[in-house]
Each structure stands twice: as C-alpha cells, then as structure tokens.
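Novice: The residues making up each chain are set out below.
Protein chains: 2
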Amino acid sequence: MPFTTRRTLLRTAAALPLAASMTDRVFAQSADKAVPAAAPKAPVKDVTRTLAHYLVTAKYDDLPENVRKEGVRTLLNWVGVAIGGSHHQTVDIAVSALQPFSGPPQASLFGRKERFDIMNAAFINGVSSHIFDYDDTHLKTIIHPAGPVASAILAYSEMQPVSGKDFLNALVLGVETECRIGNAVYPNHYDVGWHITGTAGVFGSAAAIGKLMNLNEQQMVWAIGLAASQPVGLRESFGSMNKSFNPGRAAANGIFAAVLAAKNYTSSDQMLEAKRGWANTISTKQDYNEITGDLGKRYEAALNTYKPFACGIVMHPAIDAAIQLRNENKLTADQIDHVDLKVHPLVLELTGKTAPHDGLESKFSIYHAVAVAIVEGAGGEKQFSDRAATDPTIVALRGKVKPVVTPGITPAQVDMTIVTKDGRTLHKYIQHAIGSVEVPMTDKQLETKFADLAEGVIPADQARKVMDLCWKVETLENAGDIARTAATA
Amino acid sequence: MPFTTRRTLLRTAAALPLAASMTDRVFAQSADKAVPAAAPKAPVKDVTRTLAHYLVTAKYDDLPENVRKEGVRTLLNWVGVAIGGSHHQTVDIAVSALQPFSGPPQASLFGRKERFDIMNAAFINGVSSHIFDYDDTHLKTIIHPAGPVASAILAYSEMQPVSGKDFLNALVLGVETECRIGNAVYPNHYDVGWHITGTAGVFGSAAAIGKLMNLNEQQMVWAIGLAASQPVGLRESFGSMNKSFNPGRAAANGIFAAVLAAKNYTSSDQMLEAKRGWANTISTKQDYNEITGDLGKRYEAALNTYKPFACGIVMHPAIDAAIQLRNENKLTADQIDHVDLKVHPLVLELTGKTAPHDGLESKFSIYHAVAVAIVEGAGGEKQFSDRAATDPTIVALRGKVKPVVTPGITPAQVDMTIVTKDGRTLHKYIQHAIGSVEVPMTDKQLETKFADLAEGVIPADQARKVMDLCWKVETLENAGDIARTAATA
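Residue numbers (UniProt numbering), protein chains in the order written: chain A, 1 to 489; chain B, 1 to 489.
Just so you know, these hints were derived from the structure itself, not from any lab.
All values derive from a computational prediction rather than experimental measurement.
In this text, a Cβ means the ideal position worked out from N, Cα and C, and glycines have one as well.
It is possible that some hints are incorrect.
Per label pair, the in silico range of CB-to-CB distance [unchecked claim]:
no.: 1; chain 1: B; residue 1: K275; chain 2: A; residue 2: Q99; range: 32 to 42 Å
no.: 2; chain 1: A; residue 1: Q99; chain 2: B; residue 2: D61; range: 31 to 41 Å
no.: 3; chain 1: B; residue 1: K275; chain 2: A; residue 2: T390; range: 31 to 41 Å
no.: 4; chain 1: A; residue 1: K285; chain 2: B; residue 2: N216; range: 39 to 49 Å
no.: 5; chain 1: A; residue 1: Q99; chain 2: B; residue 2: K113; range: 25 to 35 Å
no.: 6; chain 1: B; residue 1: T57; chain 2: A; residue 2: E438; range: 55 to 65 Å
no.: 7; chain 1: A; residue 1: Q431; chain 2: B; residue 2: K263; range: 40 to 50 Å
no.: 8; chain 1: A; residue 1: T393; chain 2: B; residue 2: K45; range: 38 to 48 Å
no.: 9; chain 1: B; residue 1: V44; chain 2: A; residue 2: E217; range: 42 to 52 Å
no.: 10; chain 1: A; residue 1: T284; chain 2: B; residue 2: K263; range: 36 to 46 Å
no.: 11; chain 1: B; residue 1: K263; chain 2: A; residue 2: D337; range: 46 to 56 Å
Could you build all of it, start to finish, from the sequences and the hints given here?
Specialist: Printed below as a string of structure tokens:
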C-alpha cells in the first residue's frame, strides 16, 4: 500500500456502505408493503418501447402533487450531500485526474471552483454526492436514485437552459426509470454482486437527459439501449473510492447514451427485454411489469427517503430515540447512569465496535452513536468525525451504553431506557425511525442536514440561497441557476 | 423508424455479426486444441494482484519473437480496418454527437481530420474499427482484441510520446489481459448475452494504458478494479450501431480507469476474484488459472487471427477455395458451367440467401460469395458492396453455385468442384481456410487487405507510409506517429 496509509483509506468513508447496504435490505421489506398490488404481468415485448413512449410523452402537469413535492425534496437533499462531499480526497483525486481531458467548462462542480464538460462534471458531482453514503435511498431496491440523475441534469441545465418545470419533470422521470428497472431485477441482481445504483442508474440519467433533449420515441429507445450497454458497478467495490465512482459514472454514461441517440446512433429496439438483452443478461429475475405497469399512475419517485444520520440505517432507530429522550428531558452526559437498549441482532453484528478509534470506525459503533446523540443531539457527519470519536465525554458515555439483542425487535425498531444518576427511568420505543417511509424527514430537518453538510464548504448565506432555489425549482426560468449557485466563485 | 430508412440500417453492416459470432463459436473449438494443457488451478486469491504484478513488471525484452511479430500484425490489421470504417455513417454520427463535449485535441481520428481528447478519440476509432466486423479475432473467446486496446494506446501515444518498444509491449499486455480474462469466463459469459469484446476489452485498455503510464502494482490493481466496474455491451445490440459502440466505449472506459488509478483513486484489491467481484457477478464460470497461469510463458496474444474476407467466417473456406481455383486456372465467369460445393449445415443456415439485394444481404449469401470470389478474386468490403451485389456477371454466376450439405464436412472445411463449360473438373478441398490459426494470413495478404480498406479514404502513398510505420513500430521513437500519419490533413 505504497501511496495510501491505512488511516487515509479508512477516512474515505470506506467500510460504511457495507453496513448500510445490508441493513437497507432488511428495511426494504417494510417499505415494500406500502406499494399497491402489482397489475397482471405485461407481455414480454415492447418493454423498452413502452417505457420510451411514456418518457417522451409524460408532462410536468401530469405529475401528482406528492410526486412533485418528493422530487423537490430529492433535489434539495442531493444538492446538500453533493456540496458536503465536494472536498473529500476522493473528489480532489477525480478532479486532478480528469482535468487534462475535460471538454469546455460547461458545468460547475458543487462546492468547488473548477468547471468541466457536462459528462465529466456529472461524474465528479456524482462521486461527491455518494462519498458519505448519506444521499437518498429507494428502500425497495437500495438504489440511491438522485446521484445518477441529478448529477446529469444539473450539469446539462447549465449548458442548455432548462425551465424549472421541465427540470423537475426530467428528475422525476429519471428516478422513476431507474427505480422501476431496479424493481424488475431486484433482489437477484443485487444479491449476485451488482451495485444497483450504478447499473440501473445509467437508465435514469439517459432517460432524464433524453427528456431534456426532447428525443423522439425511437431515439429514446436507442438511448435506453445505449444505456443498457454501459452498466456500472460491483458490490466488491464497497469500502473503496470505487463505490462513489459508480453513481458518477452512471450519470456520465447516461449522458453519453442520450447525446448519441439524439443524433440517431442506433441500438436494439428491445434492449431491456430481448433474450440477450439487459434484464436476461444481468439478472436471474425479470419482472417487466415493474417497468411498464401503471406508468404515470404508480410513482416509485414518491417513495424516496433521506438519511437523517450519517451512518448505516441499522443505528438510526437508536439515534432517533436518544435524541428524542435527550431533548424531551434536557439530558446531559453527566446525568446518565446507563442506557439500556433492546435491539435486533443485526445491530451488534454490524455496529458492535465498543471502542472506535476514529470517525469512520465510529460509524460501526452503536455505543458511540447513542453516546454522541445524547451529548450533541445529532447524528450528522460531524458526529462521526475523528473529533467526536475521541471526545472524552463521548468516550466516557459510550461505556455506559448497554445494547441487548431482544427477540421481537425488528431492525427498524429499538426500545431504549435511560437510567439517570438521580434515579429517573426514561423510556422510548421507536417503531419506525425518522427518515423511513413511514416517518419521513421534515422539510425543516432536510434544511438542517443541508446546512450542516454545507458548513465549512460554502458560506451559510450561499447555502441558504441554494436551498431557496431548490425549494422553488418549479418556478425557475433556468434550473441551471442551482448548480451555478452551488459552486464556489 | 423516423430518421433512418430500413435501407440505411442495412448498410450499417448490421446483421453480419450474428453470423460471424455463431460460426466463430464453432471454430473456437479447433483453435482450443492448440493450447497447452492447463496447469493445476491457482487458488482463488490474489488473482487481481498477480495479474497486476505481471503487468507492471513485464518488459518488451521478455516477449518471445512470435508474440512480437503477432503484435505487429495485430496493429497493422487494426489500423487498416479503423481507416476503412472511418467514414461510415456510424462514425459521422459519433463525431458530430461528441464534438461539443470533447476535451483538448490530443489525438487523431483515423482517416479523418477531427481531433479529440484521448478518451473520445479512442471511442470513435474503436467504433470505426469494428463497423465492418472485419477486425481481428481471438477465436477461443470471439473477442476482437485490438479494438479496445489499440484505440486506447494509439490515442495515448499521440498525447504522451511512447517508444515503439513500450508501445508494442503495452499492446501485447493489453491483448493478453483481455483474452485471459475472457478465457476465464467464456463461454458462459458470452452465452448469457454479454458482448465479450466490450466486457473483457475494458481490462485490456486499462492494462495497456496503465502500463504506458507506469502505474505501480497497487495502482494497476485499482485500474483493474475500476475497469471491472465498467463492462460494456450486450449481444442484443448486434445488428445495430451499438455493436461497434462496444469496443470503442471499452477503450475509453479503460483509459478512464487508468488515469484515475494513476492518481490513487482506489478500488478493491480483489475485484476480479472476490465473492461479489467481476467474475462471480458477470459469469457462471470462473477459471482463474486462465488469468494467472503461465503468465509470461503462454501468450494468448500469439493466437490472434485476421479476417481475409469481409463476412462471417462460415463462408471463408468457400471463398478461399474459389479464389485458389480461379487463380490457379485463370478462370473467368464465362468459363464456368457450375460450381458444386460440399458444406456444413451452418453454411446454408446462416448464409443461404440465394438472391441478395444489396451489399449487406450479400454477406449472408454463399452463392454471392463464391461468385464474386471467382469474378474478382477477392472477398473484401468491395466484394460485399451494393455494386458487387447487383453486378450482372456476378448475379448470373451466383445462380450456378450449388452448395450441398454434406456429412463429415466441418464448418472450417469445404469441398469445391468447379465444372467448366469446356468439360474440365477443377477440385479444391480446404481443411482450414486462410485466416485461421492453422493457415494465417500472410503479411502480404494483410497489406492487400489494408490497402483495399484504405482506398478512397486516404491516398495510396499515405496508406503505404502508415503500413511501413506499423511494420517497424518496434524501432519508432514515438509510436504516436502512426496515428498522426493515419489521419487526414
């Protein structure tokens, strides 16, 4: 390991995704129940064309209010994490490696001053947004939907003005496309080893960019075909910079597919469903109804979720409980005798580190997570930093956290009892943690997360401006203003 | 089909690959026998590292003479087909689609005047070289090895001077890498639907570029990992422009992987062999000994073959026989009474069109192939053009061609008897056609193929210069001269 010390590697937010992904899988089941029963299976033909037809005809005005709203929240959350990760070592490396090859300075890098052509900019912003594994999650597939799509269309909108309405429509359609295609092959496709955010994500980017470029139906069919030819990402990359590479490269590949298709670069007309097409080649499961069923009626894009805490979601219920008890009782560390918590076995399996040495290790410590939540009332990147992991108060308190595996507790749940030195017994049961489909983060909480991530990267007033642009995206004359405002001068 | 008429699509050399691929499979078996028995299986660990170690330590001086020679022939053949395809509609589209996004004019397009950054140039030259499906073939895997590798390193050599020796070493190592990785997963990987030229090709490009960039072992491990994250191509794309997209994008993706790894963008250390790494995710067969066995001793790069005729290889024995009989007997069309030929069933199954209407259809007509070979003494692109397909002499002669499926004739063989009007019976049995591993094309034949492809694209004296540079590549101070000389002013 000649160039990178072990410590540097650990700082790359390396191992976090493992825990996140394993537990996301468990959570996926409960989210699944929220979806209406599937319609009868569509015949296995014209899958690609049906999807393409929908994409080229779907209008902003067709979007239900809740879908628009979730699209806006998806955007705001994503821009925040992209700014937050923008000065990570991983991004510095990507910028320096690609600068000699970039085309015209068409698009901004979030939180940075460099400008790249739209494909390279989309790649780098996509990397940026996934480094902390703190972006959005479609729990049914564990796809992080915004990365491949928002990276692509924000870059495109800087080069070619796009109205806010068209932008939001493209965002929703891109997310819809990748999540539906993901549904069609999940879980088999993910289980065997594909990083589904990158493999399905290419379609999201191609669909969204194709929409903004006003491709006709045949061109959209070809864009989907060229996207299918460029899947990105293997799960073995988790724990390295290669993980955040995947949504970024998916974004770039989708643009590549769409710009070629726009000039009538042809592909197959049945790339998704053909015998040696995408779904049959890349997965042992193919449920095409997930792609073509109820298009324009059922919206996967409405099911997007956002992480309130910068760690695998297996610890989220405990952090949620700890923060609630702290705030309700104005608790401080010195008041605590000990903390009992009843947890699912996965919690100790994945996050059982009793004495984490640094920020990254602390993401795998339920002891640290509860302690820092009580001391600081939060669970953001700062709470999983080297500073927090070695803070004497937090280190002392984590020794008083007593998790016990308890039958009947699901991974989504926790049962916490804080016993104070003065003899009080404070209890909190969490059925669904904040950030789940059932208990979504509030807009206010998304703003706090955004501001927290932007702190130290861009000034607070600039962060405020970017948030305002995101909230009012539907009224913008040019959605490219968002990316321009999120860059540094 | 609003923008492209059926006729235009047919002109894209669309359906040819189907026939080529199916028959290549049959031919693969005989080639297989030429390979020494495999050593005992290597343990499934350190596959990626073992390969990376080999790549960073292998020197030009280590290459056996026959491997060097085949590397030079691989280069010359590839440059010829890349020039030949350079003004196809597919390339025009790619150039016009990507021009707005290209970086600095670092590298030439073969046979054209535009210059692009090395990744986009490699993509376009890779497309160019595969359009006629007339490039080289590693028969054991049906990989077209030069496309992903030569596209990448020729572009790179223009940006960054590379000695001819280093260039040839990188070419061989790139071909070796992709063919060995292809061997490890073939045939299962191909059978399920992957276009192995694109999926394995990315590794070839990454390895060759990584070698030219002098990556250290760890960086080469990461380059392989990032390449593994970007497989390209599905067989369903065969018959569309998307097929030639695949080697081009593989070349670009390999460069992308290597330039990131060169700056220490990390990946997994076991991306090829890990449980959720490349081989397990993308194939049901994994034979890692094909990757790490006898490195530096057994050379897949020495097994490369070149097509003498611009059509699927199932017709090659018949064309070979017809040309030999024609030349030996100075035959002209008017002398022929009829042509009997004993063939394998695949010949009529794949190439049974009795009355092809145009150039592309003629690639699927054994009747046309034999007739044009007798009339023109060749089987290049010109012999499968619209002109040739409608030439009255050839049309008349094809009606006298009588193929008969005959037990005992393999797809590699043909038994031809030409009966002349003056009563002569001229016989030729082909055991292995020209262009096979057993009867390789001569250097002279490669030159004729090259000149034929270059005609009408670049002047004959320029083609001569490019060929000379290819033959003497090992003595060049800067291999970038080849690409520069192959471009138009």
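Novice: Hints first: check each against the structure and report whether it holds.
Specialist: Checked hints:
For B/K275 paired with A/Q99, a C-beta distance near 36 Å keeps the hint of 32 to 42 Å intact. A hinted range of 31 to 41 Å for the beta carbons of A/Q99 and B/D61 is consistent with their spacing of about 35 Å. Taken as a hint, the range 31 to 41 Å holds for the pair B/K275 and A/T390, whose Cβ atoms sit roughly 34 Å apart. Our hint of 39 to 49 Å for A/K285 and B/N216 holds, since their Cβ atoms are close to 41 Å apart.
Distance hint for A/Q99 and B/K113: a CB-CB separation of about 26 Å, consistent with the stated range 25 to 35 Å. Range check, B/T57 to A/E438: Cβ separation about 56 Å, and the 55 to 65 Å hint holds. At about 47 Å, the CB distance of A/Q431 to B/K263 agrees with the hint of 40 to 50 Å. For A/T393 paired with B/K45, a C-beta distance near 44 Å keeps the hint of 38 to 48 Å intact.
A hinted range of 42 to 52 Å for the beta carbons of B/V44 and A/E217 is consistent with their spacing of about 47 Å. A C-beta distance of roughly 37 Å is found between A/T284 and B/K263, which places it inside the suggested range of 36 to 46 Å. At about 51 Å, the beta-carbon gap between B/K263 and A/D337 stays in the expected band of 46 to 56 Å.
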